[in-house]
Amino acid sequence: MKSHDPAVQSLMGAARKRNVETVWDRHGKQEPRCGFGETGLCCRHCTQGPCRINPFGDEPLRGVCGADADTLVARGLVRAIAAGCAAHSGHAKHLAHALKKWARRVSEHYPVKDVSKLRAVAERMGLDTEGGDVRELAGRLADLALEQFAEGEYPLSWAFNHLTEGRKEALLKFGAVPTGIENTVSEMMHRTSLGVDADAVNLLKGGVACAIADFAGSHMATDLTDILFGTPKPVVSRANIGVIDADKVNIALHGHNPVLSDLLVRTARVMQDEARAAGAAGINMMGICCTGNEILMRHGVPALTHSISQEMPILTGALDAMVVDYQCVYPSLITAASCAHTRVITTMGMARIAGAVHIEFTEENALDAVRAIIRESVEAFRTRRGLAVNIPPVTSEVMTGFSTEAIVAALSKLDAGDPIKPLIDNIVNGNIQGVVLIAGCNNVKVPQDENFLGVARELLVRDVLMLATGCGAGAYARHGFLSPAATGEYAGPGLKAVLTAIGEANGLGGPLPPVLHIGSCVDNSRAVDIAVAVAKKLGVDMDKLPVVASAPEYKAEKAVSIGTYAVALGLPTHLGVMPPVLGSPRMAELLTSGVKDLLGGYFIVETDPAKAARAIFGALQERRRGLGLSVRSW
Amino acid sequence: MEFKEIIIRPDNCTGCLSCMLACAAAHSGAGSLLGAVASGEKPKARIFVHRLEGKNLPMNCRHCTSPPCVEACVTGSMHIEPDGLVPNHDRQEMCIGCWMCVTACRFGAIRETGGPDSRAIKCDRQCAFETGIPACVRACPTGAMFYGGVDQYSVAGREFFFRRWLKSGSL
Chain A
1 MKSHDPAVQS LMGAARKRNV ETVWDRHGKQ EPRCGFGETG LCCRHCTQGP
51 CRINPFGDEP LRGVCGADAD TLVARGLVRA IAAGCAAHSG HAKHLAHALK
101 KWARRVSEHY PVKDVSKLRA VAERMGLDTE GGDVRELAGR LADLALEQFA
151 EGEYPLSWAF NHLTEGRKEA LLKFGAVPTG IENTVSEMMH RTSLGVDADA
201 VNLLKGGVAC AIADFAGSHM ATDLTDILFG TPKPVVSRAN IGVIDADKVN
251 IALHGHNPVL SDLLVRTARV MQDEARAAGA AGINMMGICC TGNEILMRHG
301 VPALTHSISQ EMPILTGALD AMVVDYQCVY PSLITAASCA HTRVITTMGM
351 ARIAGAVHIE FTEENALDAV RAIIRESVEA FRTRRGLAVN IPPVTSEVMT
401 GFSTEAIVAA LSKLDAGDPI KPLIDNIVNG NIQGVVLIAG CNNVKVPQDE
451 NFLGVARELL VRDVLMLATG CGAGAYARHG FLSPAATGEY AGPGLKAVLT
501 AIGEANGLGG PLPPVLHIGS CVDNSRAVDI AVAVAKKLGV DMDKLPVVAS
551 APEYKAEKAV SIGTYAVALG LPTHLGVMPP VLGSPRMAEL LTSGVKDLLG
601 GYFIVETDPA KAARAIFGAL QERRRGLGLS VRSW
Chain B
635 MEFKEIIIRP DNCTGCLSCM LACAAAHSGA GSLLGAVASG EKPKARIFVH
685 RLEGKNLPMN CRHCTSPPCV EACVTGSMHI EPDGLVPNHD RQEMCIGCWM
735 CVTACRFGAI RETGGPDSRA IKCDRQCAFE TGIPACVRAC PTGAMFYGGV
785 DQYSVAGREF FFRRWLKSGS L
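If you read the sequences in order, they're chains A and B.
When we follow the working numbering, the leftmost residue of the first sequence carries the number 1, and every step to the right adds one.
When we follow the working numbering, the leftmost residue of the second sequence carries the number 635, and every step to the right adds one.
Keep in mind that the hints were calculated from the coordinates and are not lab data.
Watch out, some of these pointers could steer you wrong.
Unchecked claim - SDA-like, lysine to any residue: derived pairs with alpha carbons at most 20 Å apart:
hint	chain 1	residue 1	chain 2	residue 2
1	A	445	B	672
2	B	678	A	611
3	A	611	A	461
4	A	555	B	668
5	A	611	B	668
6	B	676	A	57
Unchecked claim - Across the chosen pairs, the derived CB separations fall in these ranges:
hint	chain 1	residue 1	chain 2	residue 2	range
7	A	16	B	684	39 to 45 Å
8	B	637	A	32	23 to 29 Å
9	A	194	B	746	54 to 60 Å
10	B	663	A	33	19 to 25 Å
11	A	194	B	777	32 to 38 Å
12	B	777	A	26	14 to 20 Å
13	B	777	A	632	51 to 57 Å
14	B	643	A	586	34 to 40 Å
15	A	540	B	663	41 to 47 Å
16	B	709	A	194	48 to 54 Å
17	B	802	A	586	52 to 58 Å
18	A	388	B	637	51 to 57 Å
19	B	643	A	26	53 to 59 Å
To be verified - Beyond 12 Å from chain A on every Cβ pair, some chain B residues (computed):
hint	residue
20	655
21	657
22	706
23	719
24	736
25	786
26	797
Heads up, the beta-carbon is just placed ideally off N, CA and C, and yes, glycines get one too.
All chains, full assembly: derive it from the sequences and hints.
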């Protein structure tokens with residue numbers, strides 16, 4: 001079993017028949033994996049290496065410089081966190097530049113769409129919001145955002161302004177206080193280079209600071225995206241490869257930043273005639289990975305597929321263009337596309353792929369660039385006309401768009417004066433046993449979606465409310481867990497009652513979905529905001545809440561960074577894939593247990609989804625017991 | 635069934651030490667690398683990679699047809715099986731730790747368990763599990779170890795030589 005997704009399974013046969021190499025083939029060719037790398041005991045930080053350490057006590061026991069297993073593992077881990085922080089924050093910075101360019105009239109393509117969110121964020125960030133000029137306020141907020149990247153005198157405000165007092169104190173006490181985003185990443189690169197920090201605990205502190213900087217970048221990305229493109233509201237759409245329409249110009253948007261994809265979606269709507277002139281029935285936009293989440297949440301654009309199955313839509317023979325920006329985009333798309341008519345179009349100067357069509361996209365030339373991209377896609381459609389296509393007719397209904405604001409608005413129909421109260425009441429009375437945030441990627445080492453589905457089935461039936469982001473949300477979308485019908489199928493009686501009450505109060509005539517899709521990977525910040533609101537209302541810190549994070553099939557460095565900030569914010573955090581830390585028993589112990597005394601959060605590593613669900617449920621019950629709430633056994 | 639040898643191709647060895655790690659892991663109670671590391675076991679590898687003058691050599695017990703270690707063993711702990719395997723793991727309790735097998739072995743393939751009750755240990759092929767292929771061979775990313783019969787290897791060797799000769803055009 002390579003994937004639980006029937007559309008992917010069907011196209012795997014097509015790949016075999018046409019001898020197209022996929023991610024699963026390459027995974028096989030990478031076996032055997034290097035055991036030193038798997039355990040985190042390989043160092044390539046200087047040319048005296050590569051050095052390895054034997055985890056079984058035979059020589060070599062130290063690197064050439066004398067670094068031991070603890071140092072190697074810690075350095076590897078915190079470099080991954082730094083890379084994850086750089087990625088989310090680079091994404092946020094791109095948005096800040098777009099907003100600033102509109103404010104300074106350098107580019108008119110990025111006007112503020114959600115003025116009330118602009119004011120709310122500006123207020124939260126301590127800006128004076130008096131006066132009515134939106135452009136002026138947007139300019140000041142963009143400047144403040146960009147200042148967050150440089151070293152400041154203060155704890156990084158885009159992180160600290162969004163936390164409880166207790167969390168701020170805990171982080172200050174732990175010694176993980178970033179003063180800026182980019183200097184923190186830079187410091188981690190410095191500290192992990194040859195001959196600098198060789199104290200595993202100290203390195204972990206630096207890593208946690210970097211993860212908090214990642215939280216700041218993620219929160220900023222969410223805030224600025226909502227300001228520029230609108231705060232998501234509930235919307236209904238469909239997911240999976242069956243959303244491809246053979247008669248239309250099919251364009252998949254893949255990557256992360258809505259700076260590109262949102263404008264593409266809006267522009268395609270007014271360019272339908274060009275597609276019709278080419279003999280198509282119109283333009284069909286679809287999303288892959290997180291940029292897909294952004295346009296699904298805001299425009300109801302269908303989700304095509306996610307993460308490891310990103311090559312598969314090309315095998316339908318009906319995908320005319322795959323338009324990418326950055327992050328999680330496999331270079332193998334070029335090879336897969338070479339066996340079809342599909343154009344892979346790269347758009348970012350810093351993320352090109354040899355063999356792709358490159359249409360350089362900047363905020364200034366944005367409209368011209370997206371028009372050129374759509375015309376290129378229409379041209380590709382012309383070359384496809386008359387050719388056979390193979391589109392597996394697999395789709396699922398999706399209800400999405402659950403931003404923090406949308407969730408609060410839905411709850412306010414139950415209690416307009418105190419919208420968080422119904423959520424808290426139902427946690428207290430046990431209808432909701434706790435909240436689990438499911439995040440992260442697919443990983444080729446796990447049969448696609450197996451852990452996501454396994455964890456959800458076990459938790460939903462036990463009345464655990466689930467929030468999902470990123471490709472985790474993608475898995476649930478493709479398997480029907482984001483539809484109201486799934487509540488009837490999977491939710492326990494308590495959860496079903498609560499979701500039905502909210503749904504009916506909002507005029508849906510039925511329940512909300514049992515898994516609420518809150519956005520892309522940067523939108524894990526939305527889950528933190530909800531947790532902070534609940535913690536403040538209860539008057540406790542976040543490390544007391546029955547809230548757990550889980551990345552059942554993660555792969556990216558970004559996920560390591562998110563997992564670390566979840567732990568730092570006090571949440572038990574499950575990982576369904578073994579991180580490369582086992583080579584240092586001390587680090588492994590610290591991450592799964594020692595850190596609990598320091599930050600309240602800790603990692604739960606469990607690769608079996610049934611056992612993972614048990615561990616997550618156990619962690620929720622431990623928190624409930626701590627709050628004096630009723631507890632349940634498994 | 636023909637006894638299969640591990641025949642070394644030193645030119646293919648990059649010195650990554652993956653065979654040593656896989657060997658140790660296969661000899662752990664958990665039987666896997668992550669399982670052994672997670673439980674804190676310290677199993678010992680029975681294959682060794684040596685580097686001299688820029689060349690690498692992965693080396694383990696040759697399972698000699700006339701094994702000097704068996705000749706040297708006074709208790710019968712080290713012995714030869716009918717199929718050609720030269721083990722001692724199944725008669726570990728007979729080992730007295732005299733190290734005469736170590737003295738006799740021309741290849742340095744025998745090591746000790748360590749600890750106060752130290753005994754001789756070596757490649758025992760108790761590592762193939764359901765795959766039927768020794769862990770070191772499976773772990774090698776470059777094919778530096780051929781696993782099969784001697785004659786089978788010779789056929790491959792002749793073919794390799796012949797193809798190269800044909801390619802050179804001098805035949």
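Handout entry: In rising order, the numbers of the hints this structure does not comply with
Key = Hints 2, 9, 19, 20 and 21 not satisfied by this model.
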